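Enquirer: Read off the chains here:
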Amino acid sequence: MKSGEIARLLSVDLKGDGDTEIIGVADLGNAASTDLAFTESAEPIVSKAGLLIVPAGFPASASTPIIRTENPKLLFTRAAKLLVGQPAFRPGIHSSSHIAVSAKLGNVFVDANVIVDEHTRIGDDCSIYAGVMIGRHVEIGANTTIHPNCTIYDNSVIGSGCVLNAGVVIGAPGFGYVTDAEGKHHQFPQLGRVVIGDAVELGSNTCVDRGALGDTVIGSGTKIDNQVQVAHNVQIGKNVIIAAQTGISGSTVIEDNCVIGGQVGIGDHAVLRSGAIIGSQAGILPGKIVRPGIWWGTPVQPLAEYKRQNARVKGLDRLAMSLKEIKKTVDKLIGQG
Amino acid sequence: MKSGEIARLLSVDLKGDGDTEIIGVADLGNAASTDLAFTESAEPIVSKAGLLIVPAGFPASASTPIIRTENPKLLFTRAAKLLVGQPAFRPGIHSSSHIAVSAKLGNVFVDANVIVDEHTRIGDDCSIYAGVMIGRHVEIGANTTIHPNCTIYDNSVIGSGCVLNAGVVIGAPGFGYVTDAEGKHHQFPQLGRVVIGDAVELGSNTCVDRGALGDTVIGSGTKIDNQVQVAHNVQIGKNVIIAAQTGISGSTVIEDNCVIGGQVGIGDHAVLRSGAIIGSQAGILPGKIVRPGIWWGTPVQPLAEYKRQNARVKGLDRLAMSLKEIKKTVDKLIGQG
Amino acid sequence: MKSGEIARLLSVDLKGDGDTEIIGVADLGNAASTDLAFTESAEPIVSKAGLLIVPAGFPASASTPIIRTENPKLLFTRAAKLLVGQPAFRPGIHSSSHIAVSAKLGNVFVDANVIVDEHTRIGDDCSIYAGVMIGRHVEIGANTTIHPNCTIYDNSVIGSGCVLNAGVVIGAPGFGYVTDAEGKHHQFPQLGRVVIGDAVELGSNTCVDRGALGDTVIGSGTKIDNQVQVAHNVQIGKNVIIAAQTGISGSTVIEDNCVIGGQVGIGDHAVLRSGAIIGSQAGILPGKIVRPGIWWGTPVQPLAEYKRQNARVKGLDRLAMSLKEIKKTVDKLIGQG
Chain D
104 MKSGEIARLL SVDLKGDGDT EIIGVADLGN AASTDLAFTE SAEPIVSKAG
154 LLIVPAGFPA SASTPIIRTE NPKLLFTRAA KLLVGQPAFR PGIHSSSHIA
204 VSAKLGNVFV DANVIVDEHT RIGDDCSIYA GVMIGRHVEI GANTTIHPNC
254 TIYDNSVIGS GCVLNAGVVI GAPGFGYVTD AEGKHHQFPQ LGRVVIGDAV
304 ELGSNTCVDR GALGDTVIGS GTKIDNQVQV AHNVQIGKNV IIAAQTGISG
354 STVIEDNCVI GGQVGIGDHA VLRSGAIIGS QAGILPGKIV RPGIWWGTPV
404 QPLAEYKRQN ARVKGLDRLA MSLKEIKKTV DKLIGQG
Chain U
104 MKSGEIARLL SVDLKGDGDT EIIGVADLGN AASTDLAFTE SAEPIVSKAG
154 LLIVPAGFPA SASTPIIRTE NPKLLFTRAA KLLVGQPAFR PGIHSSSHIA
204 VSAKLGNVFV DANVIVDEHT RIGDDCSIYA GVMIGRHVEI GANTTIHPNC
254 TIYDNSVIGS GCVLNAGVVI GAPGFGYVTD AEGKHHQFPQ LGRVVIGDAV
304 ELGSNTCVDR GALGDTVIGS GTKIDNQVQV AHNVQIGKNV IIAAQTGISG
354 STVIEDNCVI GGQVGIGDHA VLRSGAIIGS QAGILPGKIV RPGIWWGTPV
404 QPLAEYKRQN ARVKGLDRLA MSLKEIKKTV DKLIGQG
Chain P
104 MKSGEIARLL SVDLKGDGDT EIIGVADLGN AASTDLAFTE SAEPIVSKAG
154 LLIVPAGFPA SASTPIIRTE NPKLLFTRAA KLLVGQPAFR PGIHSSSHIA
204 VSAKLGNVFV DANVIVDEHT RIGDDCSIYA GVMIGRHVEI GANTTIHPNC
254 TIYDNSVIGS GCVLNAGVVI GAPGFGYVTD AEGKHHQFPQ LGRVVIGDAV
304 ELGSNTCVDR GALGDTVIGS GTKIDNQVQV AHNVQIGKNV IIAAQTGISG
354 STVIEDNCVI GGQVGIGDHA VLRSGAIIGS QAGILPGKIV RPGIWWGTPV
404 QPLAEYKRQN ARVKGLDRLA MSLKEIKKTV DKLIGQG
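Chains as they are written, first to last, in our numbering: chain D, 104 to 440; chain U, 104 to 440; chain P, 104 to 440.
The shape of chain D in the complex, shown without the other chains:
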């Protein structure tokens, strides 16, 4: 693709040669003369890239054509889609897959050894990869991709344009027990569903349990990393980001646009208000209401408080020494007295 054509398809201005042949994308350091690269700094740079996406204020160059934009990383992301593209969609159902007669599949790609059970509906342009097991009465929208070895339990609802990476488990019963007088644990009814919106992406081996008496809900545009645990009746809003290995306990509410780091633990029935940002490894107590802002530590505190407290703890040696000195001085005063 020529540099000028890329600019035209992205509806942006090109400064410099519009005939440079671009065939790939790369980071600045590794880019070759046929690669598109980007920088977020306005400082002039040396790069072998054939085309650069740069921020406003970046100086024009005689040798390399540039595209100036407010958000170079975002434009690079869009350009990469043009240049690299996805493998072509190949509709068809592999002969080794088992599709129930009552299931309704659109124009889909279904790979080998897939199971689709009774009364399940899958929209057009979906790709269901090998070894995926989809239960009964499941609904999947259009253009959703499910990677190998995922398991979707009965009654789950998944929207359009979603991506489930390998090993994801949707709709298993939640972890809720009632203990009898003899100490035996009886599973509380886990009868709800998982309802996932559109454009949701789930990382490998992530688990989303079905609700107990209501549903577990993940809003559209939310992106979840690998090995995350979403318990029964959790309500996650739209465009939320959740990094790897975070665990969210039952009935917790995470409002739109929250950002949650990795290995965070959130107790049950907590509420994260829209705009809350939670640092990695933080712990949120059950029932806690977390206001917008940046939060760290266990139990979570506003970042500034967390830092001040950390500094105080680090200063304990000095504080103890200072106390010792004062004590000595006071003892001397008493001696003089």
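Incorrect hints may appear among the rest.
[Said to hold, decoys possible] Cross-link-like lysine-lysine pairs, in silico, DSSO-like; alpha carbons within 27 angstroms at most: (1) P/Lys417 with D/Lys430; (2) D/Lys427 with U/Lys417; (3) D/Lys287 with U/Lys176; (4) P/Lys427 with U/Lys430; (5) P/Lys417 with D/Lys431; (6) D/Lys417 with D/Lys430; (7) P/Lys435 with U/Lys435; (8) U/Lys431 with P/Lys431; (9) U/Lys427 with D/Lys430; (10) P/Lys417 with D/Lys417; (11) D/Lys427 with P/Lys417; (12) D/Lys435 with P/Lys431; (13) U/Lys391 with P/Lys176; (14) U/Lys341 with D/Lys287; (15) U/Lys417 with P/Lys430; (16) P/Lys410 with D/Lys410; (17) U/Lys410 with P/Lys427; (18) D/Lys427 with P/Lys435; (19) D/Lys431 with P/Lys427.
These are calculated hints, taken from the structure and not from any lab test.
Keep in mind it's a predicted model, so treat the numbers as computed, not measured.
Keeping the supplied structure of chain D fixed, place chains U and P upon it in accordance with the hints.
Expert: This is chains U and P only, laid out in the frame that chain D set:
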């Protein structure tokens, strides 16, 4: 099912209309006139539920039939089983599954693409879902359910009435290495088994490694949530509860009826005495013996100590200020002296 | 196998009867007269073992033949391989597996329901177990074992002599997004590969994401436990040990021979210098450079500092009381003044 029949099947007294038609269960807020619901509070409530399970002292109502009981949540759990039930057990072996000739299967349901390898025995009324891989010399009791895409390594033993959710891995070699003089790591022999009792439930993507020279053991009635790691030679007692993403290191002993929160880390060779309750995200050092009671933090402390310490740390600002003032006073005294 | 033959095959000296028949391995307490066992202590012990591997200085015994060595656990590990061995390698491809015509497989064992997609190459003596899904253009060296239900995405490279336990996911897209002005998240290109060296072992349900614009790399001899998360563009050196449930964020570098405990969280772009040892549940901030030595806590500190700080915090009660007393004394002094 009529309200009177439900009471009769549960062997409890009904106050009010015995002819109300009940077809489902719901929580108080969402219950319709054909739903059973429950409350744990004796305060009068407004609910559209057709039948209520309530604690002693809950006032009778003209409109809604009630069942009084000591533990409403437990009775509701039992009632829900009557009303909702499981999908009918459909014995049979799917033609796409591969069952070794030397394997002995009872009256079981085996879904598509299941592998059962040589000399493995599976009891009556088991359901083995699609994509499950069961190795050699495995023994599985009666009425156990194994959800899709689980892997059971050779020689594992699983009791009766167990539930393994999707993606569970049983019996993989433990993580034990001996390092040679050149820094290379050699796997220490991992020759033991996993032995799981009856009525054990394991959450999705949970892993239980086989023992090194002995066995890894999980006692009957124990319930384990999603993404939990149980290392080699761990001994877990009966009716233990372990929440999601907790990791238990090698050779640790967890006695009967312990309750362990989510994301807890337990070092190797620790011992949790029966009745120990461990708060989420807590860390237990290797070799630590944890007495009965509630424990929090890393390293774990009794909850009361953890709280006092937390308060002390939060009070450091005030303590530092107080020290400063005393210093000033003392300096003044010296100046006067 | 006779005790003398074992010593001969290991090229070590035997003290005592060379004709003792040994058929298995066990730990000291459970060993029978036909078992090999080991001890790392030079103290005399009572054991029924038929052959003992012991450290220098261990006293000779009339009843039990012994082998003295510098590292008894290492020699025991080697001896166990002789005695127990692996199940025989049975080359062949199960008829239910789907191997693309363009894939090139050596003399391999491929179990049921395996998918090997186009242009993928697998070396001699590999064992690929049931339900494994291998994408396109994947390269796998010789003598590598992939346990059931693993997923290997396109373009991944795996060396020789590796072991991937059940449920491992290699090469899924990394978790990188660019947010637009409306708060929508767009996946940054995830076009790199995963490149894994030789003799690498990965625990069950562990995930290794592919690089964004470069590769994610794991060096030869590195051993990784269950449920570990390795993000895009992470560079792990040789002979590294990583325990269960640890998460490593994007672009972090872990140099050769590091040892990382369980549930550790490592922020992005951190560097762990060769010889760094990280205690379980530790947290390493993004960009942090960790020198060789033992590190604990969140954020990580050298172990000695962590311990001193912990002691200081535990001593806060006493410190506060001491301050109170001084204040009282000072107040009295002022009163006298």
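Enquirer: Would you mind marking each hint as holding or not holding in the structure?
Expert: Structure-based check of each hint:
1. P/Lys417 with D/Lys430: holds (21 angstroms)
2. D/Lys427 with U/Lys417: Answer holds: lysine 427 of chain D to lysine 417 of chain U is near 22 angstroms, not above 27 angstroms.
3. D/Lys287 with U/Lys176: Cα-Cα ~14 angstroms, so holds.
4. P/Lys427 with U/Lys430: holds (13 angstroms)
5. P/Lys417 with D/Lys431: holds (23 angstroms)
6. D/Lys417 with D/Lys430: holds (22 angstroms)
7. P/Lys435 with U/Lys435: holds (14 angstroms)
8. U/Lys431 with P/Lys431: holds (15 angstroms)
9. U/Lys427 with D/Lys430: Answer holds: lysine 427 of chain U to lysine 430 of chain D is near 13 angstroms, not above 27 angstroms.
10. P/Lys417 with D/Lys417: Between lysine 417 of chain P and lysine 417 of chain D the Cα gap is close to 13 angstroms, so the pair holds against 27 angstroms.
11. D/Lys427 with P/Lys417: Distance ~18 angstroms between lysine 427 of chain D and lysine 417 of chain P Cα, so the pair holds.
12. D/Lys435 with P/Lys431: holds (15 angstroms)
13. U/Lys391 with P/Lys176: Roughly 24 angstroms between the alpha carbons, so the hint for lysine 391 of chain U and lysine 176 of chain P holds.
14. U/Lys341 with D/Lys287: holds (9 angstroms)
15. U/Lys417 with P/Lys430: holds (21 angstroms)
16. P/Lys410 with D/Lys410: OK: lysine 410 of chain P and lysine 410 of chain D at ~20 angstroms, within 27 angstroms.
17. U/Lys410 with P/Lys427: holds (21 angstroms)
18. D/Lys427 with P/Lys435: holds (19 angstroms)
19. D/Lys431 with P/Lys427: OK: lysine 431 of chain D and lysine 427 of chain P at ~15 angstroms, within 27 angstroms.
Going through the hint list in order, the structure satisfies each hint without exception.
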